[in-house]
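Okay, here's what each chain looks like letter by letter:
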Amino acid sequence: NAGVTQTPKFQVLKTGQSMTLQCAQDMNHEYMSWYRQDPGMGLRLIHYSVGAGITDQGEVPNGYNVSRSTTEDFPLRLLSAAPSQTSVYFCASSYSRRGGEKLFFGSGTQLSVL
Amino acid sequence: AQSVAQPEDQVNVAEGNPLTVKCTYSVSGNPYLFWYVQYPNRGLQFLLKYITGDNLVKGSYGFEAEFNKSQTSFHLKKPSALVSDSALYFCAVRDMKSDGYNKLIFGAGTRLAVHP
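As you go down the protein sequences, you meet chains A and B in turn.
Those letters in the first sequence? Residues 1 to 114, per this note's numbering, in order.
Those letters in the second sequence? Residues 1 to 116, per this note's numbering, in order.
Just chain A, with the same shape it has in the complex (with noise of 0.2 angstroms):
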């Protein structure tokens, strides 16, 4: 039982790049998120989505794409990236469609942005 699958577990980039963190479910969940994770600020939610084709903003959107074409994938996609976007990310789903229910989380992407 896989759960939440993020790859890949580790990314440098250079300032201006662009790449896509992957994350899929095997739990048929229709919510997933994604969270950032940064030192003494606990977890901001960048994007959620709830069931394919649908998704809105977290608090801390900005410099940040998703899409959710199916039920198990999420890619969240920097479109350039900036040193303030080092940080790890954590991908999350929830079997509550609502949200604001128990979370599985993947085990996280760190990224560095040079």
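Worth double-checking, as some hints may not be accurate.
Only some residues are given here: those of chain A computed to face chain B with a beta carbon under 8 angstroms [said to hold, decoys possible]: (1) M27; (2) G99; (3) F105.
Below, simulated DSS-like cross-link-like pairs (lysine-lysine); rule was C-alpha separation at most 27 angstroms, straight line [what the hints assert, rightly or not]: (4) K49/B / K69/B; (5) K102/A / K49/B; (6) K97/B / K49/B; (7) K49/B / K77/B; (8) K69/B / K102/A; (9) K97/B / K77/B; (10) K102/A / K22/B; (11) K102/A / K77/B; (12) K102/A / K9/A; (13) K58/B / K22/B; (14) K22/B / K49/B; (15) K22/B / K69/B; (16) K58/B / K77/B; (17) K97/B / K102/A; (18) K22/B / K77/B; (19) K58/B / K102/A; (20) K69/B / K58/B.
Think of the hints as simulated: they come from the structure by calculation, not from any bench.
For glycine and all other residues, C-beta sits at the position ideal for the given N, C-alpha and C.
Starting from the known structure of chain A, arrange chain B on it as the hints suggest.
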């Protein structure tokens, strides 16, 4: 807006002693509260949640949390700490949005260090 605060950056406790990790909340309406744990290089794992009912909630790995409405607190506790409990602990509250969808708001986290 809903929020949680974790007043301690780090908690140190000796193995075998009881531990408490503090969390206070600010919500409008009834709070839905959660505790998560993060072990090194891992994602967060759910420990327990409070929705309603008994003020003492039992969760995974022998942890429990006490909900106190008058003090707006939701402290995480364990009667006897293990070295393997050393990790980063997050308190979270559900934020109900006007569009009917919810999200979890996390505290800054508290690092628990259990010494042999």
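Given the proposed pairing of K97/B with K77/B, does the C-alpha separation stay at or below 27 angstroms?
violated, 30 angstroms
Pairwise hint evaluation, K49/B against K102/A, where the allowed Cα distance is 27 angstroms at most:
holds, 8 angstroms
Take a quick look at whether K102/A and K77/B sit within 27 angstroms of each other, Cα to Cα.
Holds, at roughly 19 angstroms.
Interface hint compliance - M27/A to chain B, C-beta minimum distance less than 8 angstroms:
violated, 13 angstroms
Check the hint pairing K22/B with K77/B against an upper bound of 27 angstroms on the C-alpha distance.
holds, 9 angstroms
When you check the alpha-carbon spacing of K69/B and K102/A, does it fall within 27 angstroms?
Given that 27 angstroms is the threshold and the Cα spacing comes to 22 angstroms, the pair holds.
Quick one, is the G99/A hint okay against chain B at 8 angstroms, beta carbons?
Result: holds, 4 angstroms to nearest chain B Cβ.
Is the hinted pair K49/B and K69/B satisfied, with a Cα-Cα distance of at most 27 angstroms?
holds, 15 angstroms
Going straight from one Cα to the other, do K69/B and K58/B come out at no more than 27 angstroms?
holds, 17 angstroms
For the pair supplied as a hint, K49/B and K77/B, confirm whether the alpha-carbon distance does not exceed 27 angstroms.
Within the cut-off at roughly 13 angstroms; holds.
Is K58/B within 27 angstroms of K22/B, Cα to Cα?
With Cα atoms ~16 angstroms apart, K58/B and K22/B stay inside 27 angstroms; holds.
Would the hint linking K58/B and K102/A be met if the CA-CA limit is 27 angstroms?
holds, 15 angstroms
Going down the numbered hints, you'll see the structure goes against 1 and 9, while the others check out.
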